[in-house]
Amino acid sequence: MSVFVSAVGFGIASGAVIALASLGFTLQFGLTNTLNIGYGSFITLAAFIGYGFVQLGVNPWVTMLIVALIMAVGSAAYYSGFIRSLVRRSVGFGSLVIATAAALIFIEYTIVLVAGPTTKSYGLTSGTTYHLWDIVWSSQQLAIILLAAALVGAFQMTLRMTRLGRALRATAVNRTLARACGIRVERVSIAAWMISGLLSGVAGVALAMSTQAFTYTLGLTFLIVLIAAAVVGGIGEPLGAVAGGLIIGLVTQISAAYWNPAYSDVAAFALLIAALLLRPTGLFGGQARRSNVAAVA
Amino acid sequence: MTALACGLVTTTAGASQSTLKIAAIAPLTGPTATLGKFMEGPCAGAVGVVNKAGGVLGHKLVCYPVNDLGDPADAVANVSKALATNSNIVGAIGLTSATATTEVPILNSAKVTMVSQNGLSEFTKRPYEYFWRMTPPDFDGGTALGIAAVRAKFKKVAVIIQTSTANTGTRPGIVAALKKNHVKITSNLLIPGDASSYESAVNRIRAQKPDGLIISADVQTTSTLLSEYKSLNSGKVPPVILPTGILGPSLFNGVKKLLGTAYLTHDLQLVGTYVNQQSGAFKLYATAVKHTTIGASEASAILATQAIGTIYDGIIVMSLAMDAAHSTVPSVYNKYMTKVTGSHKGAVVVHTYAAGVKALKAGHHISYVGVTGPVSFDKLHNSTGEFATFTYSAKGTVKTGKIIGEKTIQSVTK
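Chains as they are written, first to last, in our numbering: chain A, 1 to 297; chain B, 1 to 414.
Note that these hints are calculated values from the structure, not bench results.
A few of these clues could be false.
Stated by the list, open to error - With the C-beta cut set under 8 Å, the calculated list includes, among others, these residues of chain B facing chain A:
| # | residue |
| --- | --- |
| 1 | 186 |
| 2 | 190 |
| 3 | 203 |
| 4 | 224 |
Unchecked claim - If the Cβ cut is set under 8 Å, some of the chain B residues that face chain A in the computed set are:
| # | residue |
| --- | --- |
| 5 | 33 |
| 6 | 168 |
| 7 | 234 |
No residue lacks a Cβ here, since even glycine has one placed at the ideal position from N, Cα and C.
Chain B with its partners taken away, still in its complex shape (with noise of 0.2 Å):
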């Protein structure tokens, strides 16, 4: 059982109707467990900070979590048994790349808004009313590792891709980028997950002689890989970009074992969306997640990590737009999510839930700019961001560097 979940039992035993919930909707167990287990911090965190701000029109917020595993097949399930035995789940979150496909039209069809964190292109062509997305898509996740690298200034490079249904959009963007600045791309590969060896692949890789890797997979697949590059290669390794969405502690703890403090501090990046770590709306932000039950390591991943800062500011959104639209339902509020974002001209820029709250009760139109940054939703519903590179430090805290802008990342996918 996960913390969230445990959380989940104190508080709904004693929830009663006035209560709302947010239903969390990620893999809390199986091998992207990782990902559920993050959401956990922003999502106590934000209904946290809206309770002492007051709830919503009266209304305590908690998170419900629901386990899709990670599958489609069980997250049909279980979304729907979440839907149906909840009446007073108001919003979701999370909705991640590997079951959104299934679970996006089960909470469109059942009015629930929700705000999704995954990157899938899909919702860039095909509308959903109840669905809003402050995640970019894969093939911008894509373009963003590939840029990476050409600021590496790698020369040659080696791509390898962990079949999965987020990377059907991120190694386009990843080769795209590396075309478009005339970077040796020696291999190209498309890997199964999880696999006992990928020597024969890693040997092929090293042949070519590349003097950086861009992998795109799982924790297990990647420490696999950089172990048997490390075996067969005399020990060396290039120097290697990762997404975030691998960041935390078994990351860390791997590749500083596997190929020491300095591989790991100096010839690492991870590469994903940007959070604004000076803003006002961060630092509360911050304090809001280590005040949660998770450790203090994986608090620092967490606030590193922008997607994952996308389900506190999903759920601020949602609660501004609940009290913008005098109701909770869903039906009602849905289309106030615009109304509280996005730049009006008159509109009170807020940083925080209780500011929000504050400029409404005073009759101002508002516009929610978050640990996210601004919040802009285009006609589908999608708001994207900027990305950045980070790194670890020694002790295994994130530091953010250079940031990959909007128009950067559009100069490669426009």
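Next up, chain A with everything else stripped away, as it sits in the complex (with noise of 0.2 Å):
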């Protein structure tokens, strides 16, 4: 039992971080009907920017934070300049795919153009531990559970309780009748892209400091793992991503302690055909979204 609960206990760690990120990646599809594999080179930019700024002296969840307000302000500025144009030109859903695996592989060369490609560590120990029952926690992962449930949290009332969040939650449904109501979509997506770019940012940060090492991969590596979340919540769907990140981390740290490591991440992705089967839009009904791109213009 002391296994299982121990497992669990890093599951929810892992699952945090893999919930920021999907939860980023599913408000891009769901707002903007983007599939953005670019994403996993957000996680890495925020990754490799959090570095410098560490390497400079300034404190890590500082780091987070300015990170965080860059990526906000570069994420709004890729869909404004690139997948808006791409869109305005009328490429297809599957063209502009491809056009953001290709932004992805752009975006991570020219972070081994700068940086090199060698293994960088921010160089962080993981602070003091603590223990639930058989949880054990350092107060790093501690600190990164409670920041990913106050952003979610915060998101959510951004959601229910702001104009800006019914307009979001409006413009998902129905972009042209959003519209029509007089909602200037086009802000509002901006605005998404933004919130979207600020959790890439948070979690790319997490991310570089959980794992110890990283490269100029780590977005790539975390691409299928993120996608595979949104997919298993409900693509598009906030809190979808939310469960499952936590579930896909669950999975795979249960599957490890049980099984062997080396297939826990097909554990996880059997999980995400499961899902799919058994509920086609994901566990929270997530909109099954066609294959033509919502009109920005």
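Two chains, two frames, a set of hints: combine them into the complex.
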């Protein structure tokens, strides 16, 4: 039993980072129907920008805040300058996905050009260890879990209680109707990408802190997991992405505890396939998007 | 762009057909880019030594980097392209474990002599005419890791292996050595590389209370494992044995920050193939490497790692073979690789390229004994050597410890 409870604790810790990242990913898809493969490079970029600040002696948590803000602006610029331009040229959904994959490669190799191919490390210790029954969390993990919970809570409150939140929900449901109702959907989309960029910034720095050492392939390795989390929860559904992230984190850690750790990702993707077979729209009934791209003009 | 690639741009811009290229096939980018980066010094050092002695039959040598990204699919495309667009590639080095299976047949078909740095067991079973290797098989490397654990007097060892092509051979070697010496294996786990967390696996391992760890994984994976072990085990991490393949500033700095200098210098051992740093050949090699563009800490790591020294020796042997054959065409000089190495009656032992050329011009047979010691190719063109343990000093230099001899390895492998 203690093995199981310990694994649950580890799963929550790793799931928190996956949840943050997949929330940002699903937000982009939910609002603008863009399956942004380049999102993996956002996480890598965040980790490397954070590395620069940490090397300068900036506190890691302050670094996380700075990087989140930088990535928020960067993500909005990526959407406005790249995604929106392609959509206005009537690029189809499939071609847009390929274009974002190209963007991922471009960004990651730019990182290699600037920072070099060798492994980087924030050089942080995980801090004091806390025991809750058989759950073991370091102070760093606990902080990340609480931060993730706070960000998800803040996002949910924004969605439910603010004008921006209502506009986000309306745009996600029916972009055309939202525009007809006077909602400035373009600004709402940019706001969504800024929020998603902010989340990718937090997730990237958190991931770099957790893995102790990383290379430019950090985001690419993580991308498959966070897409799986978003799909399991229901693509386009924020709460679904969070639930999916936690579930993926739990499944990988529990399977590693009892089975061969080399196949922990296999367990997670087997769960993904099972979830899709049983509930194709995901756990939270995410909207099943068609292949046509929403108009952005 | 690596310095080697930049060097290439500078060199080949003025290269003529009289310049001969040694293709340095390695990952220059990606998670294993450290390997490619480490090859820069020995490659540039070796061609520098050859060119200083007048080149090969009047031709200058240059290193020509070919980035295989550590991926077989990319390797096929890039190696094929390099061969198709360069008629003056006369030899190749590199071809590491992750990509050798795809690269060796291509180069063999193109009749390009290659000295490979891979350790895959398949090359101890299957012959390739143009394939030569001075790096021991991965099974022997694993055996050496196990023997190091025995010598460190570990009674209970946890074996943690990252899933990879090279580790297919390493893992059975470790297990064989430990079992033969009656050391208890508390855990024998395969883990995926570069995951964000290994806590459940670490929890399983530490529950068995091993008094030592053997980890064969890349730097990122190793660092994450050690960090999580420390976090879950009240700040304590048992002594660890690692392969020299991950030796470098990233490992040194990472472990120092995480576990402190005392752990780094007393509880961390690396195991790899042995280089006699007192030999004349080594001194020339060290001078050559230090005169290249790499930094001091990387030079120190390079000079301690025999697998990298085989690059230097490989280029020297190929150059001497060309001189002995009076030809730079691989299909002609390839068979001379055994004529300039191994033990031959009346052969003059040489330790440098210049001495080898002088002896050949004087009409002598030669036997090259290089950085990595005597070179003696068997029927499948493999020449193995000895292993040793290595430790870090507080300043990051690497010290050679005890030698693990060929007979000790063979007592397990045979």
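Query - Agreement of hint residue 234 (chain B) with chain A interface, Cβ distance less than 8 Å - result: holds (7 Å)
Query raised in the report: Does residue 33 (chain B) meet its interface restraint, that is, does its C-beta lie within less than 8 Å of any C-beta in chain A?
Result: holds (3 Å)
Query - Restraint outcome when residue 190 (chain B) is required to lie within 8 Å of chain A by C-beta distance - result: Holds: closest Cβ of chain A sits about 4 Å from residue 190 (chain B), inside 8 Å.
Query raised in the report: Going by Cβ atoms only, is residue 203 (chain B) closer than 8 Å to chain A?
Result: holds (5 Å)
Report task. Could you check if residue 168 (chain B) really has its C-beta closer than 8 Å to a C-beta on chain A? Result -> violated (12 Å)
Query - Hint check, residue 186 (chain B) versus chain A [nearest Cβ-Cβ separation less than 8 Å] - result: Not OK, violated: residue 186 (chain B) not within 8 Å of chain A, min 15 Å.
Report task. Please verify that hint: residue 224 (chain B), Cβ, nearest Cβ of chain A, below 8 Å or not. Result -> holds (5 Å)
Checked against the numbered hints above, the structure breaks hints 1, 6 and satisfies the rest.
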